[in-house]
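Engineer: Here's the letter readout for the chains.
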Amino acid sequence: MNHLPQAWGRPRDDVYGAYDSSYLQNGGPTQHTQRPIVTGTSVVALKFKDGVVIAADNLASYGSLARFTDVKRLRKFAETSVVGFGGDVSDMQYLDRLLNSLDIQEAYGSSGHTLNAQNLHTYLSKVLYKRRSDFNPLWNQLLVAGLDGESKPFLAAADLLGTTFSSPSLATGYGAHLAQPLLRNVAPDEEAASKLSLEQALEAVKESMKVLFYRDARSMDKYSIAVITKDGIDLKENEQLEKQSWAFADQIRGYGTQVN
Amino acid sequence: MSAMFSQNPLMNGPNYSFNQAPATASGGNTEHSFYPYTDNGGSTLAISGNDFTIIAGDTRSTSGYSINSRYSPKVFKIGGTTSSQDDANLVLSVVGFAADGEALKERLDAIVKMYRYQHGKPMSVKACAQRLSTILYGKRFFPYYVTAILGGLDEEGKGAVYSYDPVGSYEREQCRAAGAAASLIMPFLDNQVNFKNQYIPGSGEGHALQERENIPLPKDEVEDLVKDAFDSAVERHIEVGDGLQMLIITKAGIEEKYLPLKKD
Chain A
18 MNHLPQAWGR
28 PRDDVYGAYD
38 SSYLQNGGPT
48 QHTQRPIVTG
58 TSVVALKFKD
68 GVVIAADNLA
78 SYGSLARFTD
88 VKRLRKFAET
98 SVVGFGGDVS
108 DMQYLDRLLN
118 SLDIQEAYGS
128 SGHTLNAQNL
138 HTYLSKVLYK
148 RRSDFNPLWN
158 QLLVAGLDGE
168 SKPFLAAADL
178 LGTTFSSPSL
188 ATGYGAHLAQ
198 PLLRNVAPDE
208 EAASKLSLEQ
218 ALEAVKESMK
228 VLFYRDARSM
238 DKYSIAVITK
248 DGIDLKENEQ
258 LEKQSWAFAD
268 QIRGYGTQVN
Chain B
12 MSAMFSQNPL
22 MNGPNYSFNQ
32 APATASGGNT
42 EHSFYPYTDN
52 GGSTLAISGN
62 DFTIIAGDTR
72 STSGYSINSR
82 YSPKVFKIGG
92 TTSSQDDANL
102 VLSVVGFAAD
112 GEALKERLDA
122 IVKMYRYQHG
132 KPMSVKACAQ
142 RLSTILYGKR
152 FFPYYVTAIL
162 GGLDEEGKGA
172 VYSYDPVGSY
182 EREQCRAAGA
192 AASLIMPFLD
202 NQVNFKNQYI
212 PGSGEGHALQ
222 ERENIPLPKD
232 EVEDLVKDAF
242 DSAVERHIEV
252 GDGLQMLIIT
262 KAGIEEKYLP
272 LKKD
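Quick note, the sequences are listed as chains A and B, same order.
No gaps in the numbering here: position 162 of the first sequence is 179 in our numbering, and each next residue is one more.
No gaps in the numbering here: position 57 of the second sequence is 68 in our numbering, and each next residue is one more.
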């Protein structure tokens, strides 16, 4: 009997021959992320008079399989900002850990200064750009919501390529096609957004989530929504879509079991 | 490695259990599906005059048929002493892949700031132009996917425009259009700034025709040309629109103008 611990649990060499350990070794080049695996869909956000409203559903899909139905895709940072994640969930969890350590590091500083949403967005976009430049991307689309250095509402996006942009309303993934037109209706420019009330902003964002649930096959009716103002963050992680109307469904013609 | 676990010296020869298994993960190289670039559309334009330079760009950012943002500037002041860049004397425009554009802008800005700190004087456009070329060429085999234009006033106070390709080839020019609508704007500029294909009427037949004399244009006329060029580009190119940002460099400093463009 082989008493060496290295051999425990392995097929007996005297019966099966020497173990071909080359089988275990991955001799190929180092592998980087080539595609997202478990994914979250759209994140939508809208600026208003005193802050930002941001929402994302609680679903993580594995291809077309609705794999995890209780995944929180909105993350608070330092009680000042919220990051909404679309794309790969494991990369989201990595970024979450990264932000946790950044948060702790910053809290130990003696300045008493905390990072605002604008600082956070700059940091995240540089992480994402560095990783894409190393051909090892973090497969996410992010929305960062909060307040800037002058305590004015701040909303900006960053993605796996390191591309960044800012707008009175933003939406990732399918949201860019389905929700963004609805949000731009209520806030076509910064001036219009700065006149929106919280109620108007909430209504527009909730309506967007509803439209996304109607038409995005990788979406869910359970979602998280956060309101960020200078008074703090109000994050709700177990909201249910309300007042859906499927009356339009029987009007749809041309596919399914009936043809005409 | 396998010999380490073997009790039986006879068994260290060819083995029978896994001889079908491939030696490496797979035969060929794995296919890479990650492409590190994208095109964010938009267009830029620069014209130099006798004592001024105008650099302009639209403010739309796109990905595919979607509009990311209606206000995402691609014309930047470079090398001021503060983050507001109030005392800058150089302007850089970048169009193409916006993330590379941003990275390039920040690198050049840091370098020009360091130059001012180390030499106690602002960097000349000529020096900055050469430095920008070196930066771009430094990433020759993983380029910044951008078309850059650098503008300022030269040592004699004359307007200077330097244009680049993504890997650092550069040249000083009178005017240059870059980006999505470059092919729409550049011929217009050739005709209206350098008076190409304009001849003095009745001055001769065929090759004997005399070209219209090339004279530098005044600032207000160039401003109008820029507006007309962008209004026309917006009409015919879907990636151009929303807003026009113009930076006008004179010896008095840099003046910024913003005009709305069609948002369709």
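It is possible that part of the hints are untrue.
Chain B side only, calculated, beta carbon under 8 Å to chain A, not exhaustive [what the hints assert, rightly or not]:
1) N51
2) N79
3) R81
For the record, the hints were derived by calculation from the structure and aren't laboratory data.
Here a beta-carbon is modelled for each residue, glycine too, at the ideal position from N, C-alpha and C.
Engineer: Starting from the hint list further up, note which numbers the structure goes against and sort them upward.
Structural biologist: none
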